[in-house]
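Q: The lines below spell out each chain.
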Amino acid sequence: MARLKVRISFPDRCKGCGLCAHFCPKEALVVGRNRNVQGYRVVEVVAYEKCTGCGICYLMCPDVVLEVK
Amino acid sequence: MARLKVRISFPDRCKGCGLCAHFCPKEALVVGRNRNVQGYRVVEVVAYEKCTGCGICYLMCPDVVLEVK
Amino acid sequence: MSEKSQKVKDYRFPRVLRDRPFHYCPGCHHGIAHRLLAEVIEELGVRDRAYGVASIGCSCFLYYYFDVDICEAPHGRACAAATGAKRARPELVVFTYQGDGDFAAIGLTESLHAAARGERITAIMINNTVYGMTGGQLSPTTLPGQRTTTTPEGRDPRVYGYPMKVAEMLAEFPGVAFCARVAVNKPKRVLEAREALRKAFLAQIEDRGFGYVEFLSACPVNWRLDPIKAAEKVDELAETFPIKVFKDEI
Amino acid sequence: MSEKSQKVKDYRFPRVLRDRPFHYCPGCHHGIAHRLLAEVIEELGVRDRAYGVASIGCSCFLYYYFDVDICEAPHGRACAAATGAKRARPELVVFTYQGDGDFAAIGLTESLHAAARGERITAIMINNTVYGMTGGQLSPTTLPGQRTTTTPEGRDPRVYGYPMKVAEMLAEFPGVAFCARVAVNKPKRVLEAREALRKAFLAQIEDRGFGYVEFLSACPVNWRLDPIKAAEKVDELAETFPIKVFKDEI
Amino acid sequence: MKPILVKGSEAIALGALAAGCRCYFGYPITPQNEIPELLARELPKRGGVFLQAESELAAANMLLGAASTGVRAMTSSSSPGISLMAEAFSYMAALELPAVVVNVARGGPGLGGIEASQGDYFQATKGAGHGDYHFLVLSPASIQEAYELTARAFDLAEKYRQPVMILTDALLGQMKEPLILRKIKPRKYPKDWALTGAKGRPGRVLRSLFLGPGELRSRNELLQKKYRAMRREVRVESYLLEGAELVVSAFGSLARIVKEAVNLAREKGYPVGFLRPITLFPFPEREFRKLAEAGVRFLVVELNCGQMVEDVRLSICGSTEVRSLPFPPSDLPAPEDIYREIKRCLRSPRR
Amino acid sequence: MKPILVKGSEAIALGALAAGCRCYFGYPITPQNEIPELLARELPKRGGVFLQAESELAAANMLLGAASTGVRAMTSSSSPGISLMAEAFSYMAALELPAVVVNVARGGPGLGGIEASQGDYFQATKGAGHGDYHFLVLSPASIQEAYELTARAFDLAEKYRQPVMILTDALLGQMKEPLILRKIKPRKYPKDWALTGAKGRPGRVLRSLFLGPGELRSRNELLQKKYRAMRREVRVESYLLEGAELVVSAFGSLARIVKEAVNLAREKGYPVGFLRPITLFPFPEREFRKLAEAGVRFLVVELNCGQMVEDVRLSICGSTEVRSLPFPPSDLPAPEDIYREIKRCLRSPRR
Amino acid sequence: MKFEVILAGFGGQGILFAGNLLAQAGMEAGLQVTFLPVYGPEMRGGTCNCTVVLSDREIASPVVTRPKALLIMNRPSFEKFVPCLVRGGLAVVNRSLIPEECAVEFPGRRFLFVPADDLAEEEGHPGLGNMAALGALVAASGVVPPEKVLSGLKGLLPPERKHLFEPNRKVFRRGYEFVERNSSTAVRR
Amino acid sequence: MKFEVILAGFGGQGILFAGNLLAQAGMEAGLQVTFLPVYGPEMRGGTCNCTVVLSDREIASPVVTRPKALLIMNRPSFEKFVPCLVRGGLAVVNRSLIPEECAVEFPGRRFLFVPADDLAEEEGHPGLGNMAALGALVAASGVVPPEKVLSGLKGLLPPERKHLFEPNRKVFRRGYEFVERNSSTAVRR
Ligand SMILES: Cc1ncc(C[n+]2csc(CCOP(=O)(O)OP(=O)(O)O)c2C)c(N)n1
Ligand SMILES: Cc1ncc(C[n+]2csc(CCOP(=O)(O)OP(=O)(O)O)c2C)c(N)n1
Ligand code: SF4
Ligand code: SF4
Ligand code: SF4
Ligand code: SF4
Ligand code: SF4
Ligand code: SF4
Ligand SMILES: [Mg+2]
Ligand SMILES: [Mg+2]
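Chains as they are written, first to last, in the numbering used here: chain A, 1 to 69; chain B, 70 to 138; chain C, 139 to 388; chain D, 389 to 638; chain E, 639 to 989; chain F, 990 to 1340; chain G, 1341 to 1529; chain H, 1530 to 1718.
Simulated from the structure, these hints should not be mistaken for lab results.
Some clues are possibly wrong.
What follows is a set of in silico ranges between Cβ atoms, one per label pair, in the way DEER data are often shown [stated by the list, open to error]:
hint: 1; chain 1: F; residue 1: 1202; chain 2: D; residue 2: 478; range: 49 to 57 Å
hint: 2; chain 1: E; residue 1: 863; chain 2: D; residue 2: 406; range: 25 to 33 Å
hint: 3; chain 1: D; residue 1: 620; chain 2: C; residue 2: 186; range: 25 to 33 Å
hint: 4; chain 1: A; residue 1: 33; chain 2: D; residue 2: 627; range: 35 to 43 Å
hint: 5; chain 1: H; residue 1: 1612; chain 2: D; residue 2: 546; range: 53 to 61 Å
hint: 6; chain 1: D; residue 1: 613; chain 2: A; residue 2: 44; range: 18 to 26 Å
hint: 7; chain 1: H; residue 1: 1710; chain 2: A; residue 2: 33; range: 53 to 61 Å
hint: 8; chain 1: D; residue 1: 478; chain 2: G; residue 2: 1491; range: 37 to 45 Å
hint: 9; chain 1: H; residue 1: 1612; chain 2: E; residue 2: 876; range: 55 to 63 Å
hint: 10; chain 1: B; residue 1: 102; chain 2: C; residue 2: 363; range: 43 to 51 Å
hint: 11; chain 1: E; residue 1: 880; chain 2: G; residue 2: 1405; range: 27 to 35 Å
Each residue gets a CB set at the ideal place from its N, CA and C atoms; glycine is no exception.
In isolation and in its complexed conformation, chain A is listed as follows (with noise of 0.2 Å):
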């Protein structure tokens, strides 16, 4: 299953809220400086190699932006 990664799938959906970020355990994402149609700064992935593909972003981003697949 190594092959499952993160993806920003919906960064349009994304708010910036940084808790995908936090919980990451790999620090993979971060909430950089872009803005997206909504106005909000968009989540990025920063480490995509330290990705486990754990979901933990997944499950905690409460507007359904990333996937792992």
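Using the hints provided, position chains B, C, D, E, F, G and H with the ligands relative to the given structure of chain A.
A: Chains B, C, D, E, F, G and H with the ligands alone, transformed into the frame defined by chain A:
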């Protein structure tokens, strides 16, 4: 306290339900044939001498017909 | 039970009651509850600052019988009206007198929230397992299998669930200071009921919280039983609705 | 927890959700609860016979997000509307999605009676201890001392009593088949919440009774905390509102 | 067909059964308990749902839920209970739900009494709840009509996707009269809005919150259009209009007493006619206007403090005189009371 | 006195405080939450009672209880919440309780929206609940007036032993304007009916159930008499009536926009005047009738589908033309929209 | 033909049943009928009355203020309704509870005093005074054939109360026969 | 004199605060004022706007469909409101989020592009772009003296937020001065 005895103080309140007579331990009361202004058969004391003034009839009467004094 | 209410004494027509015959059916326990309420108001000496809320049900004519200030509340809203009166004038001794339909069906929200807030009021609920006034329909406290005019085949728990145990619910609220279920179908129980009622008033008088007494009460007419059989049937009710002091912080 | 929901798997946007961003504030747990609900509907394969009741509160736009049949109910009446729908068409899988104000304040009667009757519906209550939609007023579940816009000095138990424990009340009804309080402020709890939700649906699908899940839910905006602090504060809520399966007859 | 002797309330319940009503939700209240009590016996036998709700609020919202799934459903109550349903009615109208609501009205305001009253006319016709919405309101005057109009109410509700109210009162609700249980054939209307599970289609929504620009206005315009379309359902009973100089108008059961008074007056040679609105909303404006244009004057008799008289006045727009003869609830007027007023009207000079 | 900048809702709360309101009960709803939120801060400081109820039903009945003890008390809500209070209102009117009720109305029906709307005019004036009862209804058009009328409402409520409604809307409720906190001197009225404990007297009763022969009729006649007496409280704002051939009428905050349109029209030389009912019940019938008798025509502008226009028509009884210009809720009309219609009216031939 | 009768007495005296039965009988006899009960807000105590109209034409109003006949089972009802009776009207009165002297105040009415409760008690059914009085009313007025009352009775009794048919019939007969037997003396004017 | 301005942006950009402050300043300057917020049904997200009218005569309507001025903080608001601006009207626009090119479609309006968010950020208060834009609006329109804005600010901040006075003042000044400094070039027609 032996002087306490049942009185039918408010016969016109009586509805002839018979609860007093049923619960009187001395069988001192009975619902008679006479009707009051409401049209109900009224309670009567049939054994005044047996009454111990225990107050049970007062306690059980839903219409506050009886007094014990 | 307190010294006072146990001693041998004479029994006289309570002065708080007006001299007007009750309109209740023969053998209806509403009358006993009325008398006890009058006695307790008298005993506690609060007639002059009593404020009663009459609810909608067989007891809606409360004001004809009690010589205290009384306001009528819409069906189910007695506890809300009582809350308003008590908050407006905390010196009043405020009580409601409600049926099971009034308190636990249409008025459940108002009843539970008043209790949860710990309103300093005394609520009396006459649980006769039916809607007496409107002709004997199902109530939240109707027993399983009991026939009513709207459950002609008897209450089916699959359709209506099981009877609602109001005293048990209320006892869980920290705001409730006294909570008991009583019956008046036997002389001894009448005395216990009186004592419970006294404490339910003390709950507010001593500023401890909400006071609640639930009367298991016979409705001979809608139970289609004579008064004596109806009184006996209350024992059957007590199997589902235990007669008990659930909470006593007085 | 079932085999199925624990296994390592990919996580994809649930098909029951529509492709429309949630209107919730950043970090609001409503969104997590939505996703779980969508996942469970998908997993149980009941999308085609699902009937949702949207309540009045922050979640009133439920119908924008779920691709199932949805009806709006007046504030507090979701359980009554759900009862009507389920009784009319028992083949539907009927759920409500309500706030603490909706479920436990204005709608308490409808909520408790639906549970007491054992309606075959699933009720979801998002307990964020405030009225989110209207700007953060007091709710029946507000913690003692918690400041809200209508309790500027904090909830005073002398005035408002103590928080209402809804799950605990519901668990007492024989008609309730599943009753749990969950939280979604930690990954493990999210999984547990999902499982609870699944069982709350099974309660009706397997015709056992009323299913209930209460979510302790962060409202960063009205708590005036950032999303991460708000998520942490849910642990504090859990001291008053234990996270627990109160009843599981599935 | 052999008639049966039933109360008005029972006739309403029988009308609902005849129209294929599948669900009833209600809360007891005098003087209409015969409706739930009959349906509690009969509906389950026919595979329908009878549910006593915990309150009128719950009943109205159960009705909302059931109606949203496209089944025929109904509630009934009496004045105070109807007041409690006001919010739900406004929602049902906004959601365009077909449902039947029966008000067997009693004396008010407040707890009032349980005698016949027409004090809820405004509540029924102008909208008890908030916002611009209306029931289609039908008011029967006989037990046979109570049966037929109730059955018809279910068709109309579906035809217009719209709550329909039967407004009657304790007099008709409690009296008995022979009823012929005429067979009813319920009409069929498309239900492509009903929430029946989204199998094979996208999820459907029934909502009343409209925040987008102009959305709420559109919803209101749609409703108003419907209300105008409903005018074709207007019904009246007219009687002895030929040669009438004064038309006495009343609705519901009171109209029977009024009719008797009109008979009395005609027997004495007074030129009096009778017009009974059967639909209270939409109001039979045209029928009144036509008479007014012919110079007829009106006497409006009501069991309240004067409510329908406003709709009569609005209909004829000042063109002739409209007198109000209100009887606030307590005892019912006798035909003679109305007859006296008829004479007085006819004797008084035209304004 | 230095003005302060406050919302209409806040002005209402401040008016209540100024009038000596002792108790507030309410349940949150947009767009009037500023009322409870201000009172939650201020009432306890002054020894008063602020209590957030568990629902509007509870709030209305707490109000009933508090009012029964003779203290000044109030509740506030918005459209759907007001609908839920209908039953309690009917009781309060029947029990003759003085109390103040504020409706900061929003768009309907159903959940509708939260924009300004006047869709609750019928509900407010014709009686939302069952039976023949009425609020005395006041409708302010400015923040200063919101303050003053709210304070006055408490006096009127006690003067007539009667619930008084402030009917306003989201526009006035949410806008800010300078307010001068003029000192208010509450009037005193006898309270020999209040339930304050029966010390030294027999117990008093407040009830609305009247079963004795004629009792309920008497209660209704008493209420009707009171409603007639209330006519002396009628207030209007009139503007530019001199020489007006067309009078544009509107109430509440919309009247401001209408007034601007009238100004526009007058500037262009159109003979237009303005009449704003401040009391909606009793309705200023006489004021309209007088103008109609002088041949003036009317244009009635409303943020609904046309409700007050009925009262205007009833007032003038067909003597001149009354046009309706309804704006169902969504966006507010601009003065220009109304100006255009004014021109159209004046150009069209008189009917 | 139009026959308007008010039946009145205590709650529990079977007033509504008797009125209902009369209406049912009228309907079965092919007449137009209305039956209008007046009921208290509660089920309990108090007086109770109902109005029955039988006619061969459409009945406009079921409300009757000046009845052509009365069936009076107790004293308060006597006092309330006898003054409303039209001149020449018939009042069937339960003599078991109301003394004949009461009638002297009301000249010009036809009074028929029937010991209704006693007749019922004699038949062993003390609760059925209503049927005795109804029997007398039907006999004295002739408004419906007595067989129609009996067939109406069959229709009205629900299956679980079918056993009450015989007692009701017997007491009805007693009342009916009481009039037949005393026809000359019974009616006082 | 009658000055009608609509302020618009994202929720959270301080739109209502700025509008309120402008109205307060107007009132303190002795003008008639109205302030009308447009609020969502919920507190969350979405756009937000308000209307302020300042006048030396009674203000009939607080509703403005064709404003004389705009304060625009984000792109969606630009698109929504600029078309409503009267010919010759002034639009103060947050250049930090809206590129100047947007203005080309709207000839005949006076555009004042201010890097509001950047100015605020430079002052170390990234959340206070609203104050920079307001400073620019006040400077460019001259509708109220800047001191009145500052005294209004004092009045508006509740005791527990008094510490926010300085940051707000500073950023307001920056916006004000930005216009003074660039007055000739800043306004594009
Ligand atoms: C709003 C409203 N709904 C219904 C009624 C009718 N109603 C009167 S009393 C009652 C219930 C009475 O039952 P309960 O409260 O148990 O009192 P009981 O008569 O049994 O003592 C009902 C439903 C009413 N008056 N008002
Ligand atoms: C009858 C009625 N009363 C009040 C409101 C206003 N209102 C809308 S949502 C809400 C409460 C929201 O709180 P909650 O149910 O806890 O949901 P949350 O927004 O916190 O998720 C209220 C009071 C309404 N829409 N209708
Ligand atoms: S899947 Fe796990 S490791 Fe990868 S980004 Fe998400 S939380 Fe981090
Ligand atoms: S949790 Fe979701 S919404 Fe929040 S920052 Fe991460 S991806 Fe964005
Ligand atoms: S006092 Fe006791 S003994 Fe005497 S009559 Fe009453 S119950 Fe019987
Ligand atoms: S208990 Fe009371 S009412 Fe009943 S018979 Fe005895 S005295 Fe009469
Ligand atoms: S109906 Fe029942 S509760 Fe009501 S008075 Fe009669 S016996 Fe008592
Ligand atoms: S107000 Fe609270 S509950 Fe509502 S969307 Fe925002 S964070 Fe969520
Ligand atoms: Mg009961
Ligand atoms: Mg909440």
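Q: Mind checking the hinted window 53 to 61 Å against the Cβ distance between residue 1612 (chain H) and residue 546 (chain D)?
A: 56 Å, holds
Q: Does the Cβ-Cβ separation between residue 478 (chain D) and residue 1491 (chain G) fall within 37 to 45 Å?
A: Given a distance of about 44 Å, which is inside 37 to 45 Å, the answer is holds.
Q: Take the C-beta atom of residue 880 (chain E) and the C-beta atom of residue 1405 (chain G), compute their distance, and say whether it sits inside 27 to 35 Å.
A: 30 Å, holds
Q: Return holds or violated for the Cβ distance of residue 102 (chain B) and residue 363 (chain C) against the range 43 to 51 Å.
A: 23 Å, violated
Q: Taking the beta carbons of residue 33 (chain A) and residue 627 (chain D), is their distance inside 35 to 43 Å?
A: 38 Å, holds
Q: Residue 1710 (chain H) and residue 33 (chain A), beta-carbon distance inside 53 to 61 Å?
A: 28 Å, violated
Q: Is 25 to 33 Å respected by the C-beta to C-beta distance linking residue 620 (chain D) and residue 186 (chain C)?
A: Given range 25 to 33 Å: violated, Cβ gap about 55 Å.
Q: Does 49 to 57 Å hold as the CB distance between residue 1202 (chain F) and residue 478 (chain D), or does it fail?
A: 50 Å, holds
Q: Could one say that the CB atoms of residue 863 (chain E) and residue 406 (chain D) fall in the range 25 to 33 Å?
A: 30 Å, holds
Q: Does 18 to 26 Å hold as the CB distance between residue 613 (chain D) and residue 44 (chain A), or does it fail?
A: Taking Cβ atoms as reference, residue 613 (chain D) and residue 44 (chain A) lie about 24 Å apart, which means the hint holds.
Q: I want to verify a distance hint. Is the separation of the beta carbons of residue 1612 (chain H) and residue 876 (chain E) within 55 to 63 Å?
A: 58 Å, holds
Violated hints, listed in ascending order, are 3, 7, 10; each of the other numbered hints is respected by the structure.
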